Every structure is written in structure tokens, then in C-alpha cells.
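**Student:** Listed below are the residues making up each chain.
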Amino acid sequence: MRTSPNRLVATIFGAVYLVVGLLGFAYTGGVGFVATKGGLILGIFEVNPLHNIAHLLIGAALLIAGLTRVAAAKAVNTTVGAVYLLLGIVGFFLVGTGANILALNTPDHFLHLVSAIVLLGVGLGAEKTVRSSSAVA
Amino acid sequence: MTGVAVGEATGVPVSAVTRAWLAVAALGAGLLHAALAASAPLPAAIVLATFAAVELGWAVAAFLRDRPPFFRAALVAALVPVGAWAVVATVGATSEAGTILALSPLPLGVAALLDVAVAGTIAVVLRRAKPVTANAGALRFVLALLLSAAAVCAVTIPALGLTDAGVAAVDVHLQHEGHH
Chain X
0 MRTSPNRLVA TIFGAVYLVV GLLGFAYTGG VGFVATKGGL ILGIFEVNPL HNIAHLLIGA
60 ALLIAGLTRV AAAKAVNTTV GAVYLLLGIV GFFLVGTGAN ILALNTPDHF LHLVSAIVLL
120 GVGLGAEKTV RSSSAVA
Chain W
0 MTGVAVGEAT GVPVSAVTRA WLAVAALGAG LLHAALAASA PLPAAIVLAT FAAVELGWAV
60 AAFLRDRPPF FRAALVAALV PVGAWAVVAT VGATSEAGTI LALSPLPLGV AALLDVAVAG
120 TIAVVLRRAK PVTANAGALR FVLALLLSAA AVCAVTIPAL GLTDAGVAAV DVHLQHEGHH
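The listed protein sequences derive, respectively, from chains X and W.
For the first sequence, numbering that gives the first Met the number 0 begins at 0 and goes up steadily by one.
For the second sequence, numbering that gives the first Met the number 0 begins at 0 and goes up steadily by one.
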């Protein structure tokens with residue numbers, strides 16, 4: 000794994016997002032499932048239960064892909080990175096509106112854009128010769 | 000993967016770490032120019048949208064391809080938005096109708112800073128023009144990408160908040176709060 004940027008990033012980000020997803024439930028007691036105002040993880044990152052579940056699913060997908068094959072890690076990194084980039088840009092304009100069903104705040108956007116750049120960067124820019132049928136790294 | 004790419008038609012080696020930094024910086028500048036274009040007067044909007052499209056396209060291409068596209072030309076092209084801003088600001092300051100001065104100066108300044116960083120990095124690579132490490136290593140590449148992304152987002156996101164699009168988002172937020 001240490002020789003594969005895609006597996007390294009997928010595993011680390013997957014583990015972190017899983018922990019954040021679990022930790023989020025400690026801060027969202029009494030918060031509506033899709034409430035636009037949520038609880039603050041570490042007093043910084045705003046989340047609601049839907050946001051926590053999204054973190055858990057994304058973390059699980061990244062971790063599983065990172066622990067299996069380079070091709071899987073590359074595909075999941077690229078996909079999640081693209082989704083985060085879209086969320087980082089679109090979500091910026093949803094703050095405070097009824098459409099903000101993930102209770103996003105500015106620190107969330109920072110985290111999403113950094114995640115998007117790193118995930119897309121390794122997904123698109125690293126291990127370009129890897130195909131879906133490639134061997135395990 | 001993390002080896003050495005060669006600047007297109009230049010023969011200049013460009014490491015994957017450097018390529019990642021160039022792509023991330025161009026992406027940040029492109030996002031800012033796109034946000035500024037959304038609320039700029041039409042002539043300025045067209046120019047800013049063109050800058051954004053070129054920067055975002057070049058950033059994605061730099062990630063996708065082993066060779067950063069138009070590597071030598073990018074050195075000059077990265078400085079075009081800076082020059083354009085300087086010219087328009089000078090003209091606007093000396094005339095009654097300085098339309099572009101209505102745009103937030105900080106986001107324009109941050110975008111210019113990122114463009115200068117891209118141009119500076121390309122200049123250093125072209126000047127150095129010597130073989131770089133054949134394999135940067137997975138961890139080094141990932142760390143470089145992470146630090147580049149954090150640094151660019153740290154200046155880009157506050158600047159995005161100062162664009163009219165960002166201010167509009169905050170205004171909607173306040174109106175929304177006011178109804179409750």
C-alpha cells in the first residue's frame with residue numbers, strides 16, 4: 000500500500016471519514032435528520048444526522064477500496080473527489096437556504112474542497128496506467 | 000506514477016509533485032475568476048469567464064496528462080490576468096466609469112497571487128532544467144498534494160466569500176434567519 004498513492008489516500012481518508020461520521024452522532028443529539036442548522040464537531044464543522052451518514056458511507060467506500068486494489072481505490076477516489084468538488088462549489092451557495100440539507104458551513108466547504116483536490120489529484124494524476132482489471136498493488 | 004513528466008515540446012522535466020502544485024494553484028485561480036465572472040459587468044464577465052475556463056481546463060489537463068500542456072506558453076499566459084487587472088485598474092482609477100473596480104479587489108488579488116505562483120513555479124522549472132528525482136514516492140506525492148490543496152483553499156475560500164456570489168449566499172442566509 001505504501002507504494003500506491005491511491006490506496007494510501009483512500010485508506011487514510013476512509014478511516015478519517017468513518018471516525019468523523021461516528022463522532023458526528025455525539026454532536027447531533029436532538030438535531031433533525033435534514034436540519035439546516037446542525038451540531039458542531041469540535042466546535043468547527045457543522046453536521047446533521049444525514050451528513051453523518053454520508054460521512055460513514057463515503058468513509059466505508061474509501062476504506063474498503065483502499066484496502067483492496069489500486070484500480071478500486073483509483074475509481075473511488077476519482078468519484079468521491081468529483082462529488083466533493085461539486086459539493087464544495089454548489090454547497091457554498093446553499094448556506095442558509097432550505098436546500099442546505101447537509102447543514103454545511105464554511106469550514107465544511109474548506110474540508111470538502113481540500114478533500115476533493117486531494118482525491119481527484121491522486122485519482123486522475125497518479126497511477127495512470129492502472130486499469131480496472133489491474134493487479135493488486 | 001510519481002515519476003518525471005516532460006514539459007510538452009520543451010524537454011524540461013517536471014516532477015509529479017510540481018505538476019500537482021501547478022494544477023492545484025491554477026484550480027484555485029480558476030474558481031475565483033469563475034465566482035467573479037458571475038456578477039461582473041458583461042465585458043468583464045466574458046474576460047473573467049475566459050480566464051476561468053482556461054485555468055480550470057489547464058488544471059485538469061495538468062492532472063490528467065504526464066506533460067503539463069503548453070508549458071512554456073503557460074508561463075506567459077498565467078501572467079495575462081495579472082496584467083489585465085493592472086491595466087484595467089489603472090484605466091479605471093483615472094476615469095469616471097471604472098466598472099471593474101466595482102469587483103472585490105481581494106478575490107482578484109488572490110487569483111493574481113495564485114497565477115503569479117504558477118508562473119513563478121514554471122519559471123523555476125524552466126531555469127533549473129535538470130533531471131529531477133525519478134520517483135518522488137507515494138507518501139511524498141500525497142503530502143505535497145495535501146499541503147498544496149490546504150494552502151490554496153486557505154486563501155481561496157475566504158476570497159470566494161468576498162465575491163458578490165459569496166456575499167449573496169450570506170445575504171440569503173440572513174434573510175432566511177430573519178423569517179424564523
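Since the hints were derived computationally from the structure, they do not count as laboratory data.
Misleading hints may appear alongside valid ones.
What the hints assert, rightly or not - Chain W residues, not near chain X, derived (Cβ > 12 Å throughout):
| hint | residue |
| --- | --- |
| 1 | 108 |
| 2 | 115 |
| 3 | 127 |
| 4 | 140 |
Said to hold, decoys possible - On the chain X side, residues computed to face chain W include the following (Cβ under 10 Å):
| hint | residue |
| --- | --- |
| 5 | 17 |
| 6 | 66 |
| 7 | 67 |
| 8 | 70 |
| 9 | 74 |
| 10 | 112 |
| 11 | 114 |
| 12 | 120 |
Every value quoted in this text rests on a predicted model; they were computed, and no experiment measured them.
Beta carbons are placed, not taken as given, at the ideal position from N, Cα and C, and that holds for glycine.
**Student:** According to the definition I'm using, a residue is off the interface if its beta carbon is farther than 12 Å from all beta carbons of the partner; does residue 115 of chain W meet that for chain X?
**Tutor:** Holds, since 20 Å exceeds 12 Å.
**Student:** Once the closest CB in chain X is found, is it more than 12 Å from residue 127 of chain W?
**Tutor:** It holds; residue 127 of chain W is separated from chain X by about 21 Å at its closest Cβ, greater than 12 Å.
**Student:** Can residue 17 of chain X be said to touch chain W, with a Cβ gap under 10 Å?
**Tutor:** It is violated, given that the least Cβ distance between residue 17 of chain X and chain W is near 19 Å, above 10 Å.
**Student:** For residue 140 of chain W, which was marked as not at the interface, is the minimum beta-carbon distance to chain X over 12 Å?
**Tutor:** At about 5 Å from chain X, residue 140 of chain W fails to clear the 12 Å cut-off, so the statement is violated.
**Student:** Against chain W, is residue 67 of chain X within 10 Å by beta-carbon distance?
**Tutor:** violated (17 Å)
**Student:** Please settle this one: residue 108 of chain W was flagged as non-interface, so is its CB more than 12 Å from every CB on chain X?
**Tutor:** Fine: 19 Å to the nearest Cβ keeps residue 108 of chain W off the interface.
**Student:** Against chain W, is residue 70 of chain X within 10 Å by beta-carbon distance?
**Tutor:** violated (13 Å)
**Student:** Next item in the hint list is residue 120 of chain X. Is there a CB on chain W closer than 10 Å to its CB?
**Tutor:** Cβ of residue 120 of chain X sits 5 Å from chain W, so the hint holds.
**Student:** Going by Cβ atoms only, is residue 74 of chain X closer than 10 Å to chain W?
**Tutor:** Interface hint status for residue 74 of chain X: violated (15 Å vs cutoff 10 Å).
**Student:** With 10 Å as the cut and Cβ atoms as the points, is residue 114 of chain X at the interface with chain W?
**Tutor:** holds (8 Å)
**Student:** Is the interface hint for residue 112 of chain X satisfied, with its Cβ closer than 10 Å to some Cβ of chain W?
**Tutor:** holds (5 Å)
**Student:** When the nearest CB of chain W is found for residue 66 of chain X, is that gap smaller than 10 Å?
**Tutor:** Check failed: Cβ of residue 66 of chain X comes no nearer than 15 Å to chain W, outside 10 Å.
This entry does not satisfy hints 4, 5, 6, 7, 8 and 9, going by the numbered hints stated previously.
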